[in-house]
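What follows is each chain in one-letter form.
There are 2 protein chains.
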Amino acid sequence: MAARKKDKAGKPAAAPKPAKVTDTSVKRKAEELDRLTVDCIKTTASEVHQEIGKHRKPDLAFPVRSLGNVKYSLERGYFEIGRQKKTRTLTVNTVKSFAQTLRMMGLSKDLVEGNDFATKRDAYYQSKNWEEARFDEQTESDAVMDDIEALFSVRGVNREQLRFIPDEHGGAVAGRLVVLDPDRETGVVERIDCTRFGSGAYSIPSSVEQLSFETDAKFILAIETGGVFQRLQSHKFWQTSDCILVSMAGVPTRATRRFVRKLSDECKLPVYAFVDCDPYGISNIYRTLKVGSGNAAHLNQFFCVPKARYLGVTPADIREYQLPTHPLLDVDVKRAKDALKNDPFFKSHKEWRGALEDLVRMGVRAEQQALAKWGLNYVIEEYLPRKLAHPEKFLP
Amino acid sequence: MAARKKDKAGKPAAAPKPAKVTDTSVKRKAEELDRLTVDCIKTTASEVHQEIGKHRKPDLAFPVRSLGNVKYSLERGYFEIGRQKKTRTLTVNTVKSFAQTLRMMGLSKDLVEGNDFATKRDAYYQSKNWEEARFDEQTESDAVMDDIEALFSVRGVNREQLRFIPDEHGGAVAGRLVVLDPDRETGVVERIDCTRFGSGAYSIPSSVEQLSFETDAKFILAIETGGVFQRLQSHKFWQTSDCILVSMAGVPTRATRRFVRKLSDECKLPVYAFVDCDPYGISNIYRTLKVGSGNAAHLNQFFCVPKARYLGVTPADIREYQLPTHPLLDVDVKRAKDALKNDPFFKSHKEWRGALEDLVRMGVRAEQQALAKWGLNYVIEEYLPRKLAHPEKFLP
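In order, the protein sequences belong to chains B and S. Heads up: the first sequence runs through residues 32 to 427, numbered per our numbering. Heads up: the second sequence runs through residues 32 to 427, numbered per our numbering.
Quick caveat, the hints were computed from the structure, so don't treat them as lab data.
The list that follows gives simulated cross-link-like pairs (lysine to any residue, SDA-like), each with its CA atoms no further than 20 Å apart: (1) B:K127 x B:E171; (2) B:K151 x S:P355; (3) B:K159 x S:P358; (4) B:K159 x S:W405; (5) S:K159 x B:G406; (6) S:K267 x B:D147; (7) S:K368 x S:M393; (8) S:K127 x S:I83; (9) B:K151 x S:H266.
Output of the computed footprint for chain B on chain S, the stretches with three or more beta carbons under 8 Å from beta carbons of chain B: (10) 223-230; (11) 247-261; (12) 389-402.
Where is the CB? At the ideal position from N, CA and C, for every residue including glycine.
Use the sequences and the hints to build the structure in full.
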């Protein structure tokens, strides 16, 4: 297939580098992460304890989580959290939330040491046995968990490493990838070959921190809709194109974003996004995947995928492939104009400004499945090979 | 574990019967289905053609799809479509929709013969090349597809056999199950061992018609939330309890329901539902899984799971396990009262009437994760083993 040869010439496509992983190194890495996590918790708790021992009021300083405390640099490639902190000092008024924060940290330590995990909801219900420190509403326990997450993110520890995992389902994966997953109890590493799922796929677990990878793929194709993913998977597109397919099913979940990020980092793979051509696909799905979001900037260092590039569907594709379209709704136009005016990502990339302005001018949007107008497998036989022959032309 | 031994005594638990499947039988079954499907299409088209040859107006008679054309019998175990039909005769006014129906049937025939598939959306975009017969809106092509589905359902052919597949994502599966999936092109059967996915899982494909199974499991546990599924999967609950775990992630998708139904039928496995104790979990998730829905009764023969029984969380569990609760909202109370008054399923089962009345009286609801109050793994170590020791006590 033409796309294969030309990929090598194209700039963003990395040479295939199979990452060789041994059982021991997988286990060692997981243990190191756990040590760092427990150390973070212990250090913080000791400081509180020492202050109390000196009859002083202990405090905890959390990074401020808001758009006002965010910076974006082209080199880093994602929204970073700034240096503003809010300090919570132990007083009569704050004693309950202070205690809850410490109990939540204690729960995290137990989880790491017991090699277990809890969802946000689990943690809320666990607190029902914390007597005076129990939470009345899950929104309260969620907020405390977010604070702890932000606190430890400064030391490079994320929420999944604290063993708090999302309730939501992960995405689906198929293609040239072996996932290595050590058993929670025995440590024996399961080798999961993502070429061997038939028409099904590998469902990403809620937490992916313990995973390692082996692959000779050249890129990751992150797909918006289940329908297109199923088509590419059933026709084994990953085999002819040396790639890994990931189904995002709309805005990708935390686990899916983290999975793509880890895989992209550890195996040095570019990520190509294939989404609908509308302001939602571009600014909500793609931008969140690539640079993260403003109001959760403490997460972006772990969750965004700076190596992502935008394969399509582009506004130019609508013309070139004469795609069937739908008119842009008011909410679409507003979203596009907001992005042009306020979003540091789109403001930093003139190619994107041009594309968004183009889309607003045309006044239409097109879905990735609109390519089916030219035949159900046109996407496999024509569109993707033509695009993949020139990854240097992808939008940044 | 106590649950294992006592399962054998309990009535609904079937004896483990490993279903042995050969590559040839898998392929033969798929080919038979395809022949039946093409035969349905050809017969219908020939009848139309003959009528035209005799200079008579051809017509097509579709089953009426509405609650008024539904019957429920305890023996069959699901809502069945009745005998009312609506007839579409070819006239000047109906010529476009008549032609569209025939083109859609033609597309289905091409898909079966080319061994491919299309989503609803794909089919809509394909029609853009049908000139005068093209659809202007996807709602129109969806309606035509629903009619064709209802038409052929009378001969036991479902939409997936017509090769129209859902856009939506399937559920996740883990446990004592090998899925056999013949390759679309080569026919080589992939054996997918659902015990070998580490903390991840098998993601059900959009269409499951071609799948066969091998299993020595004793039951299928269908779980509402991703959080509980992940806990049971990470702790390999399926190993100690000889079962298959299925994550429904809310109301199960078509593919998930069909998968559970096929697996339950072909391997003679009971299905135990483990959902939140609230009118939504009981009437929307469980009831839809077990007997199907009223307004799509032509699907129920394929999609509902009459072997399903309700493990929990029951209203009685809220008291027995002293679970943390939330007050029932007005919408919950309304849903429960509607079910008691109008739903033939709940009206036919006095245990369910009692349980729903109990819930309304208590005025509260409880989530399955509320069991975490007693410890994160209480659900694994205590709740499920105790319940599974007495499947005869499950709600019907």
